[in-house]
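J.: Next come the chains, spelled out residue by residue.
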Amino acid sequence: MRDIAVVAFSQSICVADAGAVNEVELIMPQLQAVYDQLGLASAQDVDFVCSGSCDYLQGAAFAFVAGVDALGAVPPIRESHVEMDAAWALYESMLKIRMGHADSALIYGFSKSSPGELPIVLSQRLDPYYLAPLWLDIVSLAALQARMLLDRGLVSEREMAEVVVRSRRNAMANPQAQLAGEVSVEALLAEPAFVAPLRRTDCCPVSDGAAAMVIATVEQAQAWGKPYALITGIDHRIENHNPCLRDLTDSVSTRQAAEAAGVAGGAVDIAEIHAPFSHQEILLQRALGLGGDTVINPSGGVLAGNLMMASGLARVGEVFRRIVAGEARRGVAHATSGPCLQHNLVAVLEGV
Amino acid sequence: MQATEHLSQTFELGFTYTRSTGPVVGRFLTGLRDRRIIGNRGSDGRVLVPPVEYDPVTAAALDEFVEVGEEGTLVSWCWVNEPRAAHPLAKPFAWAMVQLDGADVAMIHCLEAPGEDALATGARVKVSWAAETIGFITDIRCFTLLEEA
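Listed in order, the protein sequences are those of chains A and B. So in my numbering, spot 292 of the first sequence is number 292, and the numbers just go up one at a time. Each position in the second sequence, counted from 1, maps to that position plus 352 in my numbering.
No wet-lab data here; the hints were simulated from the structure. A few of these clues could be false.
Said to hold, decoys possible - Derived list of chain B stretches under chain A, where covered just means 3 residues or more per stretch with a C-beta under 8 Å from a C-beta of chain A:
hint: 1; stretch: 423 to 432
hint: 2; stretch: 483 to 491
As the list claims (entries may be wrong) - Which chain B residues stay away from chain A? Per the calculated CB distances, all over 10 Å, these:
hint: 3; residue: E357
hint: 4; residue: F363
hint: 5; residue: T382
hint: 6; residue: R385
hint: 7; residue: T410
hint: 8; residue: A413
hint: 9; residue: E416
hint: 10; residue: H439
hint: 11; residue: L498
For each residue, glycine too, the CB sits at the ideal point set by N, CA and C.
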């Protein structure tokens, strides 16, 4: 099997409202940044391009096609899209390379979430007969999950606040973060409920932005002559779309993906976990089997800035950045999709 | 300088066609119209409400229907202090996971209650039907507490 490496990554600064900037204008600076990191001229210099986005955010079928304008698709390129977080575009790109159909791939994810009411927009991706007509928003779904964890004593409100404190603190060193600063557990616990038992601080912010990555075979990475990190394992598993048919106090699909990706095969220096709600980070850390030796979400994670449809890819990018900077030797990246952690992807990255 | 005039156009996002809900979802929705709640039995014997077309574990097609009660137990809930415009209830309310009597899994719907303090996991609740039932999930207007805690 051909070894595949991450060779470039860039992410925009998470902003609550990008104003008049459109999706293509959000994507282009990130594409240019990864081209610059490798000395590429354009998307013509990679073999395959795959993007991740959500048409519901733009409110029109095939809205993602407009994103291709950021690439300049003439002369024709080989291109694909997933209606998922771009972490799954990374997965598709890896399959393409492993099959021998490409030696390099450009991956990007983007969203402009600010124009709509994101939790309500996402309610329309739920079961179309049983749940979507109720406009059951995703914050409330996460709150139902949090209540179960609290009721069973698996998580405490204090532990949830501690996750937020660490996220905001770590984000102070992350120039792309939207929410950063020193806050105390006591101050967070004194905040009023948003959708009880969740406080607003337990929920990720809504952010506009994009992220881009280039992956390649090790041979191609060495030809480019830039530092890279190997993707030594990747796997994704999905659970039932009906949250009532799952054990919401565990993440079985994350456990399965972590095992298949080989998380336990060595020490994990850092982990970037895609947890849009504070209680989910605790749940996922357990499902990934990570102990006290692992630094969790050194970037602050998505509680500090959530680029919908790019946050999962950005978790992989954050681990890549720290490995090539020499801050970590081996790291785990996790991406999630769907209500209450329905679908989970786990990747293991290692330095060379 | 003149005030900016914004171009605007109403736009309804939705199916522009009708479709059949099929023998499983359709059976449940037709049941609601008649103010009855119909689930089905999974391969492991569990009664699933609302019914599912394929078994969540084995993916086998499921065809044994089971009627369940209108009363049930609160499995989880969250309190919406500021309902959103799209939400089904205008006053503060709860989203609830309710396991109906005779069912082995919970279903999610809204729950009308006098306040957050009136609710507790394990509380008994019952269906409050819409004034007019049409074969839609909102035929269940909401759940209400059977006895206020």
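J.: Now tell me if each hint is right for this structure.
T.: Each hint tested on the structure:
1. 423 to 432: holds (count 6)
2. 483 to 491: Result for this restraint: holds, n = 3.
3. E357: holds, 17 Å
4. F363: Not fine: 8 Å to the nearest Cβ puts B/F363 too close to chain A.
5. T382: holds, 12 Å
6. R385: holds, 14 Å
7. T410: Holds: least Cβ distance 12 Å, greater than 10 Å.
8. A413: holds, 16 Å
9. E416: holds, 17 Å
10. H439: violated, 6 Å
11. L498: Given a closest Cβ separation of 20 Å, the condition holds.
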